[in-house]
Amino acid sequence: MSHAATASDVKGLSHPLGVNNAKLCMWLFLCSEVMFFAGLIGSYIVLRLGSLTWPTPGEILNIPLTGVNTFILICSSVTMVKAFAWAHMGNQTKIKRHLFLTFLFGVIFLSIQAIEYYKLYHHHGLHPSGNLYGTCFYILTGFHGCHVLGGVIAVFVLWIRSLLGHFTKGRHAPVELVGLYWHFVDLVWIILFTIVYLI
Amino acid sequence: MDQEKVENFTHPNYVAVWIWLLVLTVLEVCALYLPCAKVVKISALVFLAITKALLVAMYFMHLKFERLVLIAVIVYPVVLSLVLTLLTRLSLKI
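Here the protein sequences come in this chain order: A and B. Under the working numbering, the residue at position 171 of the first sequence is numbered 332, and the numbers go up by one with no gaps. Under the working numbering, the residue at position 57 of the second sequence is numbered 113, and the numbers go up by one with no gaps.
If you're looking for bench data, these hints aren't it; they were derived computationally from the structure. Just so we're clear, the structure is a prediction, and the values are computed from it rather than from any experiment. Hints should not be assumed to be uniformly reliable.
Stretch-level coverage of chain A by chain B, calculated; a stretch enters the list once three of its residues show a Cβ under 8 angstroms from a Cβ in chain B [unchecked claim]: (1) 222 to 235; (2) 289 to 298.
Simulated crosslink set (DSS-like; lysine-lysine; CA at most 30 angstroms straight-line) [unchecked claim]: (3) A/280 <-> B/97; (4) A/280 <-> A/330; (5) A/257 <-> B/94; (6) B/94 <-> A/280; (7) A/255 <-> A/184; (8) B/97 <-> A/184; (9) A/280 <-> A/184; (10) B/94 <-> A/330; (11) A/255 <-> B/120; (12) A/330 <-> A/255; (13) A/257 <-> A/330.
Ideal Cβ positions, reconstructed from N, Cα and C, are used throughout, including at glycine.
Generate the whole structure from the sequences, applying the supplied hints.
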């Protein structure tokens, strides 16, 4: 009996972009996230360039504190990618350790951001509805914070699953997919830190 | 990456990338206090931020090891966003 060729039999058609469907979906989701943040950052740039007055860097915002927070988020990206590398090599102990560290760094980042918000709101009187600067600041950093929170929850779930031994050398796709999301959140913060805090 | 490439994938030196990111972050914060023209300062800060973002995308997100066609799919919305922002700014000036 002759075998009827299907699309997946043809070399190069099953995964034309060289990645599996789950990873492609994550990349397409991240593309939509790029557009989301680009809308916010683009609006911020347009509003800021059209504004006559704007606080200078460090006038209101605590740059050293946020610098430390940026350092923490970068560290979390390293522990996340190391978790994926250990998952790829099948080292159960190190997957658990690095996922927990990523979760911990994420929680520290959010805690520092919460402290920063508290001080800005109560000590400096910077309110979301107070002026254009306050609105832009809280919208940009707030939406990013929500993304970090989502990532922290996802990493926590991964950590629990790693404790249950769900990830092996050949089966660790969720670690890679959540990792992509986590690195994207880190990448967005790198841009936001420069645009909102330093320029 | 293709399945056979994934299985034989050699991970880059992530710690070296981490050190580079930290050095660039320290440089960014230091650049803020440099006594130079604003345009020079902003150009340096943007350059440093783009370099850091590229390091994360290329090494942590492994884009350096993906096919060119996937990279094109991902870069497209970034370019589109930049163009749209620029057009919005220009339309407000007119």
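Status of each hint after checking the structure:
1. 222 to 235: Per the Cβ count (6), the hint holds.
2. 289 to 298: With 0 residues in contact (Cβ-Cβ under 8 angstroms with chain B), the coverage given for the region 289 to 298 of chain A is violated.
3. A/280 <-> B/97: 28 angstroms, holds
4. A/280 <-> A/330: At roughly 46 angstroms apart (the allowed maximum being 30 angstroms), residue 330 of chain A and residue 280 of chain A break the hint.
5. A/257 <-> B/94: Not satisfied, since the Cα-Cα distance of roughly 46 angstroms exceeds 30 angstroms.
6. B/94 <-> A/280: 28 angstroms, holds
7. A/255 <-> A/184: 23 angstroms, holds
8. B/97 <-> A/184: This hinted pair is violated, its Cα atoms lying about 38 angstroms apart.
9. A/280 <-> A/184: 40 angstroms, violated
10. B/94 <-> A/330: Violated - the C-alpha atoms of residue 330 of chain A and residue 94 of chain B are around 51 angstroms apart, more than 30 angstroms.
11. A/255 <-> B/120: 25 angstroms, holds
12. A/330 <-> A/255: 12 angstroms, holds
13. A/257 <-> A/330: 14 angstroms, holds
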